[in-house]
Structures are given as C-alpha cells and as structure tokens.
Amino acid sequence: MPNTTALPSVERLLPQVRELLGPKVLASHCHRGDETILVAPGEIVSVLAALRDDKGLDFDTLMDLCAVDHLPRRPRFEVVYHLVSLAKRQRLRVKVPVEEKSPSVPTVSGLWPGADWFEREAWDMYGIVFEGHPDLRRLLMYEQFEGHPLRRDYPVNRRQPLIGPRN
Amino acid sequence: MRDAPAATLDLEAGPREGEFYVNMGPQHPSTHGVLRLMLRMDGEVIREVIPHIGYLHRNHEKIAESRPYPQYIMFSDRLDYLASMNMNLGYCVAVERLCGIEVPERADFLRVIMAEFNRFASHLVWFGTYGLDIGAWTPMLFAFRERERIVDLFEAVCGARLTYSYMRIGGVAEDLPSGWIAKARETVAYLWPKLDEYDALLGHNVIFEKRTQGIGGLSPDQAIALGVTGPVLRSTGVRWDLRRDEPYSVYHRLDFEIPVGTTGDCHDRYLVRLAEMRQSLRIIEQALDMLPEGPIVAKVPKVLKPPKDAEVYVRTESPRGEYGVYLVSDGSANPHRLKIRAPSFSNLLCVAPTSIGLKIADLVAIVGSVDIVMGEVDR
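The listed protein sequences derive, respectively, from chains A and B. With the numbering used here, letter number 65 in the first sequence gets 65, and the count goes up by one each step, no holes. With the numbering used here, letter number 277 in the second sequence gets 277, and the count goes up by one each step, no holes.
No incorrect hints appear here.
Derived DSS-like pairs: lysine-lysine, alpha-carbon spacing no greater than 30 Å straight-line:
1. Lys-308(B) / Lys-24(A)
2. Lys-62(B) / Lys-101(A)
3. Lys-183(B) / Lys-194(B)
4. Lys-194(B) / Lys-210(B)
5. Lys-302(B) / Lys-62(B)
6. Lys-24(A) / Lys-88(A)
7. Lys-95(A) / Lys-305(B)
8. Lys-308(B) / Lys-101(A)
9. Lys-62(B) / Lys-95(A)
No lab work stands behind these hints: they were computed from the structure.
Based on the provided sequences and hints, a complete structural model is requested.
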C-alpha cells in the first residue's frame, strides 16, 4: 500500500456498526477509506458508549472532536467525533448535525475525560453548548471575547473591544 | 451573543481554609512557552492544577479558510515549530489524499529522511530542556551541539533552520544538493555514539533517577481515556505507533521497532524517547540506502480544487504523538474547514491528574517529561 491516496472505499466496519446501532444510524458513507456515520444529537452519548463497549468494535479512544460550520446549509453545524480502536487498529467518524437555533449537544466528557478540552474549544470557537459539561468555559480565547471566531459569518478582520486590567 | 454557561471554577470564591493559590507561568521558564498553571496548594503539596492555555493562539484554522491549500504549508511550520518537517508532512499527505495525488517514490523517501531527522532533532531539544528543568545544565549544551549538525543539513536542503516549508503538495520543494547524502551519512555515524553519552550523562544520573522514577505515572487505561498519544502513551506500555500501525508514506517498507515502557512515569518517557532516537537513525540509514532516482514532485494543478464535500482525516506520527489533519472541502480552492488535532493538546491533559499530591518540583518534572510545544497546543 503505497503512500497516499488510493485507499479503497470499501466498507469494512459499516455493516457491523449498522447492526449494532440499528435505526440510530441516520446515514453512512465511506470516502477515501474513512467510514462515517451520522446520528441524531440526542443519541450521541448512547451511540458512542455502545461503540466503545462493544467487544467486536472496541473503539476505546476518542482521538478528536471538532465542529464544522456549513453556513448557509441547514442544519448549520456539525459536531464530528473521530474514534480509534487501538487494539483492532480501526477508525470511525461519527457526525452529529446541530441546528443554528440553540445549538447544543450532550457532552461525552463522561465517557472520555479527554473530551473536556475538545468540547471547550468547540464552544469557544463555534458557540455550541455541550450540555452537562462540568466546566464549559472558553479555552483559547479570553473571557471577554465577543462572538465565536471560527463561525463562517465572523469576519477575519473584526476588531474586539479593549479590555482593562482585572482588579 | 449568549453568555458562557456558568463556570464552576471556584477561583473567585478564594482558596479553602489553610490553602492558597500559586500562579505558575505564563512566563515561567519551566512551562516551555506560554503555559499558565494555577496551583491550589496546601503547604508545598499540590491539591489542584488548573491549566490556562491560549496565550499563543493565532487561529490557524480561520487563517486556513481564507487562503488556497498550498499556502497553508507555511503556517503548518508554526504549529509544532520544533518539528516543522513532520508538520509539513502531515498536512501535505492530507491534501494529497483529499485530491487523489500520487507522490513520486523519491519524494516519499526524502520526506521520510527529513521527518526522521527532525524527530531526532526535536527529541534532542526535549532532552536538553528536560535536563534544564531537572537542574542539569550540561545536557542542553550537548543536545544543541548535535542538533546543530541536523539543522545544518536542513539548511543545505531548503535554506531555513527552523521553519522549513520544505514539503510541497505532491512532493518536496528541492532535490538534494550535491554531497548531501555523504554529509547525512556522516551525521548519522556521528550521532550513534552520542546516544550512549546521553545515557551516561543524564539517564544514569542518580539525581535524575530520583527526580523522575515513580513521578507522574500513568496507567494505560488512563492514558487512552485522556487521548494521550506518542511517547507518553508508549511509555505506559501501549505499543501504538502510526508509522507501523497505519503506515503512510513509505514507512511500511522500512524496518524499525516500537520501543515501549512499563510504568508510564517520567523516567520511562525518557527511556522511550532515547530508544526512539536510535530507531530514527535506523530508519534514516535504510532510507538513504533505498533512495531511488526520479522526479521529486508530482504534476499538481496550479489551482487545486478538491471534489465538493470531500473530507479526510489524515493522521501521522509527529514526535509528540498523533498529528491529525481533518480537511473538509467545499469544491473551491480554499479549505472549507481545517482542524488540526495536535498531540500536545491532548497530552497536556495528563499533567493535572498526575500531579495531585506531589510537590511543585515534581510538577516541573512532569510538565517537562510530557514535552509540549505551545505552538500546536494553542494553534
């Protein structure tokens, strides 16, 4: 298997995942060797817990969590989870669509403590609320920052008000 | 804009009876850049560590959305600036997979040689600064003396000494100048015996052992739950290295071992990194032997437009762990979304839980052993 690109778009895991999760899988696809499923926001905790605890799939690691802004498409946001099984050497991407109006997703920091900062970053950059997160503060920006900079409608050159010293 | 949900941090409430806060950083020499740690102390014993990051935040991901794919390579240098070659490599492989570009064989070998030299140089900087953290001055002088050789090699090939921007989408920027391979072999031969010197200087030093053994120990389950990767994960005994487990470039044709530790403490992280440096030299030697002739860059359109709605998550093994690049395309010449999954970002999470109940001096040993680079934590 040389370097780069020609990874077969063969579904290796998806049949097994669909069997495990049943109708919770809203859609699925396989592109460039990355297998992806789409689930509803309300189901995300139960879906990830099932994928983690299933002996055959064994997705023990949450490698990455991030949000994507698809403005002007609706639903506007997506939260993307990248799972890895270190033992079985396989990967799965789980996506959750999130509406622009009151964007919120249940937290998965109870399943993986490593999700803590990823979720804080997604809140900081996109304003997506992770319900039940123990400490959802801004992570990279400062408290007084106005807006969420990675949203597509946040202009690159927008200025922020000056903040004075804190007493 | 709506307000942030109520923070549960009890800093405003003040310290508890008999306890006090100590602010460490962001300008503290042992925090490796601009990491700020709030410590809740009981005497000299740490009760809680609250990390604050973001001091080096430049919003790379926003910058990437407003420029064509090839122009981000220069920014990827500034993520993990101690291993710019590895950062270039991960980003270029991601764009190539997104667009379906095949890289010429010679370019692949050149990339591996540069990436492994850079891994070695990056571990050297860690070795030197970790010595400083623990109170040993000499390792820094040794490490930078050797690193100079490697940086000279990079300078000969691309003109830069820190931010290389050497890789291109579809290959590399320049072929090797004449005499480079002989010089590289000479450097490898020079570096081999130095590693034993390091062990004698620092690794077997009694003070060093006392400061690091049994400090900051992580269990494999803890490490996996936190998303820790790289040498820190391998020091706990988990044999996981993307170069072997999910090979990219030409790593599947090279023979090397994945060193692991047993206890996951600071001393094991030292041992794993030193062993990794030996493996890097092995890889470089093989790659220099196998280096084929041929073109160094593939034919890539001037304006690169990947298919609409394509997305890839490409992971490569940087010196610090899994460096993931998640790219979403909207069919235009700019990325729709670029997410950098930085290894230091997740590795930093293991500092707070492992340092509770220890002293501040131990915290310095732990932060140093994790080997964070704030450039990629804050992005």
